[in-house]
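Student: So the sequences go chain by chain: F and P. Going from the first sequence to my numbering is simple: count from 1 and add 104. Going from the second sequence to my numbering is simple: count from 1 and add 104.
Since the hints were derived computationally from the structure, they do not count as laboratory data. Computed from a predicted structure; not experimentally measured. One or more of the hints may lead you astray.
Said to hold, decoys possible - From the structure, some residues in chain P lie toward chain F, with a derived Cβ separation under 10 Å:
no.	residue
1	Y307
2	E309
3	K425
4	D493
5	R505
To be verified - Below 25 Å or equal to it, Euclidean Cα-Cα: the simulated DMTMM-like pairs (lysine to aspartate or glutamate) are:
no.	chain 1	residue 1	chain 2	residue 2
6	P	K427	F	E423
7	F	K427	P	E423
8	F	K215	P	E310
9	P	K195	P	E162
10	F	K479	F	E437
11	P	K195	P	D155
12	F	K215	P	E334
13	P	K215	F	E334
14	F	K215	P	E336
15	F	K427	P	E385
16	P	K215	F	E310
17	F	K215	F	D190
18	F	K427	F	E456
19	F	K479	F	E506
20	P	K528	P	D493
21	P	K479	P	E506
22	P	K215	F	E336
23	F	K427	P	D371
24	F	K526	F	E478
25	P	K215	F	D363
26	F	K479	P	E270
27	P	K528	P	E518
28	P	K528	P	D371
29	P	K427	F	E336
30	F	K526	F	D363
31	P	K526	P	D371
32	F	K427	P	D155
33	P	K526	P	D363
34	P	K427	F	E385
35	F	K427	P	E336
36	P	K526	P	E336
37	F	K215	P	E518
38	F	K526	F	E336
39	P	K427	F	E492
40	F	K215	P	D371
Note that the Cβ used here is the ideal one computed from N, Cα and C, for glycine as well.
There are 2 protein chains.
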Amino acid sequence: MPAPVTEIINTGTELMLGSILNSHQQWLCRELTQVGFLVSRQTAVPDAGADIRQAVSEALQRSDLIITTGGLGPTSDDRTRELIADLLGRKLMENAQARSNIEQFFAVRAKPAPRSTFVQALAPEGAVVLQNAHGTAPGLAIQVLPPQSSRPQGSWLIMLPGPPRELHPMFRNQVVPLLRRQFPDAPPFTCSVLRTTGLGESYLEEMVAPQLELFVARGLEVGYCARVGEVELRLSSSVPGGSELVQEAEAVARQVLGDWIYATGDDSLETSLVRLLTAREWTLALAESCTGGYIANKITNVPGASAVFLSGVVSYANEAKQKFLGVSHATLETHGAVSRATAEEMARGIRERTGADFAAAVSGIAGPSGGTEEKPVGTVFIGIASGEDVVVHHRTNRYDRETFKFVTAQQTMEMLRRAVLKRKEASA
Amino acid sequence: MPAPVTEIINTGTELMLGSILNSHQQWLCRELTQVGFLVSRQTAVPDAGADIRQAVSEALQRSDLIITTGGLGPTSDDRTRELIADLLGRKLMENAQARSNIEQFFAVRAKPAPRSTFVQALAPEGAVVLQNAHGTAPGLAIQVLPPQSSRPQGSWLIMLPGPPRELHPMFRNQVVPLLRRQFPDAPPFTCSVLRTTGLGESYLEEMVAPQLELFVARGLEVGYCARVGEVELRLSSSVPGGSELVQEAEAVARQVLGDWIYATGDDSLETSLVRLLTAREWTLALAESCTGGYIANKITNVPGASAVFLSGVVSYANEAKQKFLGVSHATLETHGAVSRATAEEMARGIRERTGADFAAAVSGIAGPSGGTEEKPVGTVFIGIASGEDVVVHHRTNRYDRETFKFVTAQQTMEMLRRAVLKRKEASA
Numbered sequence: 105m106p107a108p109v110t111e112i113i114n115t116g117t118e119l120m121l122g123s124i125l126n127s128h129q130q131w132l133c134r135e136l137t138q139v140g141f142l143v144s145r146q147t148a149v150p151d152a153g154a155d156i157r158q159a160v161s162e163a164l165q166r167s168d169l170i171i172t173t174g175g176l177g178p179t180s181d182d183r184t185r186e187l188i189a190d191l192l193g194r195k196l197m198e199n200a201q202a203r204s205n206i207e208q209f210f211a212v213r214a215k216p217a218p219r220s221t222f223v224q225a226l227a228p229e230g231a232v233v234l235q236n237a238h239g240t241a242p243g244l245a246i247q248v249l250p251p252q253s254s255r256p257q258g259s260w261l262i263m264l265p266g267p268p269r270e271l272h273p274m275f276r277n278q279v280v281p282l283l284r285r286q287f288p289d290a291p292p293f294t295c296s297v298l299r300t301t302g303l304g305e306s307y308l309e310e311m312v313a314p315q316l317e318l319f320v321a322r323g324l325e326v327g328y329c330a331r332v333g334e335v336e337l338r339l340s341s342s343v344p345g346g347s348e349l350v351q352e353a354e355a356v357a358r359q360v361l362g363d364w365i366y367a368t369g370d371d372s373l374e375t376s377l378v379r380l381l382t383a384r385e386w387t388l389a390l391a392e393s394c395t396g397g398y399i400a401n402k403i404t405n406v407p408g409a410s411a412v413f414l415s416g417v418v419s420y421a422n423e424a425k426q427k428f429l430g431v432s433h434a435t436l437e438t439h440g441a442v443s444r445a446t447a448e449e450m451a452r453g454i455r456e457r458t459g460a461d462f463a464a465a466v467s468g469i470a471g472p473s474g475g476t477e478e479k480p481v482g483t484v485f486i487g488i489a490s491g492e493d494v495v496v497h498h499r500t501n502r503y504d505r506e507t508f509k510f511v512t513a514q515q516t517m518e519m520l521r522r523a524v525l526k527r528k529e530a531s532a
Numbered sequence: 105m106p107a108p109v110t111e112i113i114n115t116g117t118e119l120m121l122g123s124i125l126n127s128h129q130q131w132l133c134r135e136l137t138q139v140g141f142l143v144s145r146q147t148a149v150p151d152a153g154a155d156i157r158q159a160v161s162e163a164l165q166r167s168d169l170i171i172t173t174g175g176l177g178p179t180s181d182d183r184t185r186e187l188i189a190d191l192l193g194r195k196l197m198e199n200a201q202a203r204s205n206i207e208q209f210f211a212v213r214a215k216p217a218p219r220s221t222f223v224q225a226l227a228p229e230g231a232v233v234l235q236n237a238h239g240t241a242p243g244l245a246i247q248v249l250p251p252q253s254s255r256p257q258g259s260w261l262i263m264l265p266g267p268p269r270e271l272h273p274m275f276r277n278q279v280v281p282l283l284r285r286q287f288p289d290a291p292p293f294t295c296s297v298l299r300t301t302g303l304g305e306s307y308l309e310e311m312v313a314p315q316l317e318l319f320v321a322r323g324l325e326v327g328y329c330a331r332v333g334e335v336e337l338r339l340s341s342s343v344p345g346g347s348e349l350v351q352e353a354e355a356v357a358r359q360v361l362g363d364w365i366y367a368t369g370d371d372s373l374e375t376s377l378v379r380l381l382t383a384r385e386w387t388l389a390l391a392e393s394c395t396g397g398y399i400a401n402k403i404t405n406v407p408g409a410s411a412v413f414l415s416g417v418v419s420y421a422n423e424a425k426q427k428f429l430g431v432s433h434a435t436l437e438t439h440g441a442v443s444r445a446t447a448e449e450m451a452r453g454i455r456e457r458t459g460a461d462f463a464a465a466v467s468g469i470a471g472p473s474g475g476t477e478e479k480p481v482g483t484v485f486i487g488i489a490s491g492e493d494v495v496v497h498h499r500t501n502r503y504d505r506e507t508f509k510f511v512t513a514q515q516t517m518e519m520l521r522r523a524v525l526k527r528k529e530a531s532a
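Work out the full structure, taking the sequences as your base and the hints as a guide.
Tutor: See below:
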């Protein structure tokens, strides 16, 4: 059986205006990939009726599985439920369980239920109602048979609420089991992602492509994705025996790329750093100026970071650099806050005060203002302390403010990762 | 002349696998809205040839302006250029300027140019070549006339490179002027967004909808977008006189919603807080435990934050709470790190040590582990210091780790905003 053709439709005028980021797309694509459904199209349309209708009609021509998000709420611009019932010619009927859930939702919060909220208890005839454990709008799953669907087995149309904390558990707890029941023969898809930093996209391809040619002939797909400061190499296959094929190809790529690979799969640099430190029971502290807490935030996003991360200081003002980190007044006067000497004293200061095994300190000019001819916007000094030793690196990251923080954080974490690897080798 | 029908096509298998977030969609939608082009559909497809071809063919049936991103790079999975040339039956020819830019790009970096890179200098016959000031792949703009386009005036198909730091300046400096020349009669679109926090979506609609009915009859569109901890009210219009209509409706909505509105447009809570503090020349300091630097990072994302933000301490370990903030050993022993007493001492400690006018301290349990029966995951104490006074708020934010940080940060910044407003009134 060929893989089910899968697509996602996100509705919401706010998406089309750019008011919000479409994080559903990424989340659903990733979750679907993990259970063997490869998304081949994702569409976003405004709340307006005609657009949703057209997008769903088109999807019923070509896809076995269609997942929509949004438009199930209580307000007048939430129209997905009604439009789909109309498109499929099904009556909307009240679902008793959904109604009672809504009543309970408001009772628990000791608030009166607004009348408009009960529209959310309506479901098109024949729909599977996916109760919402974290909100008021249930999800709806409808099997659409030919000729309303052009697919030989018909299509499954699954409508999910927009808020992530309602969507996520509903997808994992209710949609995934339904998919396993309805698509028992979906073939496995194997994908391996190697994340590298420090190499350009063309160079990476020149290094690995010749080594992977034979695998490609056997059904391997190779993808490259360049982002600021990193390139991802993606090896995937959906042919029979694809899992072994990907595994073999990955081994070859690993040999070619070696230390350029900082993580695999969805692991981030911060996850890989926290994991390295945890394994050795080593600790980390941070002193951040221009990154403003960005690195500490990244590190503490990793569950279990508290075992290795002791403390961070966001020393924006010069007084904070002196008070919390012991940077000397003389250094600040002579060299300035953005300097090799200050970064070094910051790294040493935070390490001594916390007793951490490793520390990083960052001082630079994020912009948009504050640059000078000698130290233009983007200038940054990164101090890395490994025990008593401090090494300061100088970089120029000319980007907008948020990208500057991101790039500087990636560089800092990569320097820390290399420092940890080095000490690990030395102590082995 | 009716508004040009506009759509966006993002290409990239990594989007379909969920490896990356489609930030182009939001960015382009927002930029296009600002210059009067309302996006009515956004599609993402894998790099595979058939999908890109089909998406572009469909778009040529219905849209006046089509913008694609991605697939213009040098590697074998970058196929947009070639596929579109093939679809339109145009020859690919080398563009001398693009070739010389690529040569220069590598010369400046003192690196040899990989052979594969020069495929990026190819352009379909008749295309406007948009030179890339920040990378090697130029953009391409092609006027597609009927019958290849089903639109009476034909369609403009504009292909842009994927990396944001190449895409953004190319769009602003080259695409926008081209659009103004080619679509001189695009009607204005006016949109105003009021951002509220503390009200549910249904309540907000019940409050404002009756007051806006008359405006809706005159051509106002009203949208509601609920997110964790906030609801956005969107007032827009594209009828003649729409700008005044939106303005009048906004005045009414402001009167109804009052202080529930924390910002307008794209302004974030942190921007509105920094602005309030800057206007009074008041300063801020932070002591974060469970939010791990998230709030400091948000605040320092605002350009000019350095005028008001003095310092933050990310006191993850108990030792850090004692050393940097002066929380007493006895308090930690008796009440624990996650407690009203600790949050209060943290707030007082950071304020005294920095001399800031306002301070916030956060201590809680982000999870997934670390909860107890008495203090479950999601428990958080937020201390707000306004001068000598400290008020501690208790919240239970049961979410995943990153959402917990986000929600807690929003609550903290909203409490700070209210504290600043209160002191402002008192001192007025």
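Student: All hints are to be evaluated individually against the structure, with a verdict given for each.
Tutor: How the hints compare with the structure:
no. : hint              : verdict
1   : Y307              : 7 Å, holds
2   : E309              : 5 Å, holds
3   : K425              : 9 Å, holds
4   : D493              : 23 Å, violated
5   : R505              : 6 Å, holds
6   : P:K427 <-> F:E423 : 17 Å, holds
7   : F:K427 <-> P:E423 : 17 Å, holds
8   : F:K215 <-> P:E310 : 14 Å, holds
9   : P:K195 <-> P:E162 : 22 Å, holds
10  : F:K479 <-> F:E437 : 16 Å, holds
11  : P:K195 <-> P:D155 : 21 Å, holds
12  : F:K215 <-> P:E334 : 18 Å, holds
13  : P:K215 <-> F:E334 : 18 Å, holds
14  : F:K215 <-> P:E336 : 21 Å, holds
15  : F:K427 <-> P:E385 : 22 Å, holds
16  : P:K215 <-> F:E310 : 14 Å, holds
17  : F:K215 <-> F:D190 : 33 Å, violated
18  : F:K427 <-> F:E456 : 14 Å, holds
19  : F:K479 <-> F:E506 : 19 Å, holds
20  : P:K528 <-> P:D493 : 15 Å, holds
21  : P:K479 <-> P:E506 : 19 Å, holds
22  : P:K215 <-> F:E336 : 21 Å, holds
23  : F:K427 <-> P:D371 : 33 Å, violated
24  : F:K526 <-> F:E478 : 33 Å, violated
25  : P:K215 <-> F:D363 : 21 Å, holds
26  : F:K479 <-> P:E270 : 24 Å, holds
27  : P:K528 <-> P:E518 : 15 Å, holds
28  : P:K528 <-> P:D371 : 21 Å, holds
29  : P:K427 <-> F:E336 : 41 Å, violated
30  : F:K526 <-> F:D363 : 12 Å, holds
31  : P:K526 <-> P:D371 : 21 Å, holds
32  : F:K427 <-> P:D155 : 59 Å, violated
33  : P:K526 <-> P:D363 : 12 Å, holds
34  : P:K427 <-> F:E385 : 22 Å, holds
35  : F:K427 <-> P:E336 : 41 Å, violated
36  : P:K526 <-> P:E336 : 24 Å, holds
37  : F:K215 <-> P:E518 : 22 Å, holds
38  : F:K526 <-> F:E336 : 24 Å, holds
39  : P:K427 <-> F:E492 : 21 Å, holds
40  : F:K215 <-> P:D371 : 30 Å, violated
Checked against the numbered hints given earlier, the structure breaks hints 4, 17, 23, 24, 29, 32, 35 and 40 and satisfies all the rest.
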